[in-house]
Amino acid sequence: MTEKKIEKMSYEEAFSELETIVATLENEQTSLDKSMALFERGQNLSSRCTFLLEEAELKVRQLSEDGLIEADV
Amino acid sequence: MNQPSLFSSPRWTVTSLTAYLREIFESDEMLRDVWIQGEISNLSRPRSGHIYFTLKDGGAALRSVMWRSSTARLALDLREGMAVEAHGYLGIYDVSGQYQLYADEIRPVGEGLLYQEFLRLKEMLEAEGLFDAEHKRSIPEIPKKIGIVTSATGAALRDMLNTLQRRMPLAEVILAPTTVQGDTAPPKIIAALDDLLRIVPDLDVILLGRGGGSIEDLWAFNDERVVRAVAASPVPIISGVGHETDFTLTDFASDLRAATPTAAAELATPITIDELRGATNYYADQLKIQISTALDKYHINVDDLCVRLGYASPLKQIQRDAQSLDGLLHRLNTRQTHRQDLMWTQIKGMNRRLEALNPQAVLGRGYAVLTRQTDQKIIGSVDDANAGDELKVRVVDGEFGVKVT
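Line by line, the protein sequences are chains A and B.
Residue 126 in my numbering sits at position 43 of the first sequence, and the numbers go up by one each step.
Residue 294 in my numbering sits at position 309 of the second sequence, and the numbers go up by one each step.
Hints are computed from structural coordinates only; laboratory data are not their basis.
Some hints here could point you the wrong way.
[As the list claims (entries may be wrong)] Sample of chain A residues with no beta-carbon within 12 Å of chain B, all distances over it, derived:
no.	residue
1	Lys87
2	Lys88
3	Glu90
4	Lys91
[To be verified] Derived PhoX-like pairs: lysine-lysine, alpha-carbon spacing no greater than 20 Å straight-line:
no.	chain 1	residue 1	chain 2	residue 2
5	A	Lys142	A	Lys91
6	A	Lys91	B	Lys130
7	A	Lys142	B	Lys130
8	B	Lys121	B	Lys107
We put the CB at the ideal spot given by N, CA and C, even for glycine.
Based on the provided sequences and hints, a complete structural model is requested.
Structure, rendered in structure tokens:
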């Protein structure tokens, strides 16, 4: 599994991997070591999701002659 | 000229004549459904809620009334001197003997033409298939990039941004500002849409809208060029133009029509951040449940192994061996004792036999042993004894000497 740095993940990425991990723990016979590793990564992913949701603020940019600029709205 | 007969009695009363005239007015197909253009004057709005006014032009005046039941639909704020088109039927008001217009709809002059143009264009574009349902693209549930084409200064933008911030602040918004009303609006709207699609090609959805206004204000969204551009957009477009009751051709061409700009922003975010919070919490809980289930399984396995390990332990083996050693020892002991007992019995038997053979015991029965003093030879026969020999006599409790004669 290629693992992306959790602190760089978008909400969608973190959530979708969290979903996968839960399904793996649910359905597959995994070794204790692997289960614990999955659990730990799952916890970090869920923290990442919660953090992103709490910090979320609509980013607004606008088109201008200079391309995309921060919108003054 | 006909001279009226002085002797004829009057055929009509005022009332019956008025009723007769009213009958004529009201049975005339044309007079029952008319659009009349004129200027408003003598406007009066008493507390009854009915509206009284006179429609006039350069040559004539027409008394008019609009009942309260119809005024509710009136979108127009009537003013003295306003040029309007009024719809209704003509009738006679018996009390004053005046014919008048009973209006049920009033609109600004020119709107009728616009509406006809709207219908013509709608029919044409519809026939082309521009509004077909199969061209409608679906709106993504969680859009990451949302384009907005509207006026940078209007209430519509504020409403849309507030709604997006409240429902899905994870999203990124790219605003393509444009004029939304007036003759220059259509090409500017198209340019804004084009720029947006070109500069931000990975948009998930585009909101196109403006706040409420008159039909003229909204007219840019009925412009054929704008409608075609909306229909051709590769990115799904949600239109939110004006109010609930306003329909524009852009609405028909867009992938989803919202009643207002706020509603457009809501439709663009079918899943809200609250639902994401719920889903995240659910999976966080599931994660804990799954790991504790897995750990329980391991605990059970470990417990089970511990029990089995206990059985397999060398200690057990040693205990078992020790036990059999004990058994062996016990058997050994038992056997040993047995043998010793046996030996003792034998020894005792032998002793008894030995005792029986003990010469001392024979002596005890009164016998004596004679030995010659000179050579200690036991005298076992007459031939051994010669006269004069000195012999030693042993009896059970001692010995003494004798001489053979």
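**Report entry** Non-conforming hints, listed in increasing numerical order
**Finding:** Checked against the structure, no hint fails, so every one of them is satisfied.
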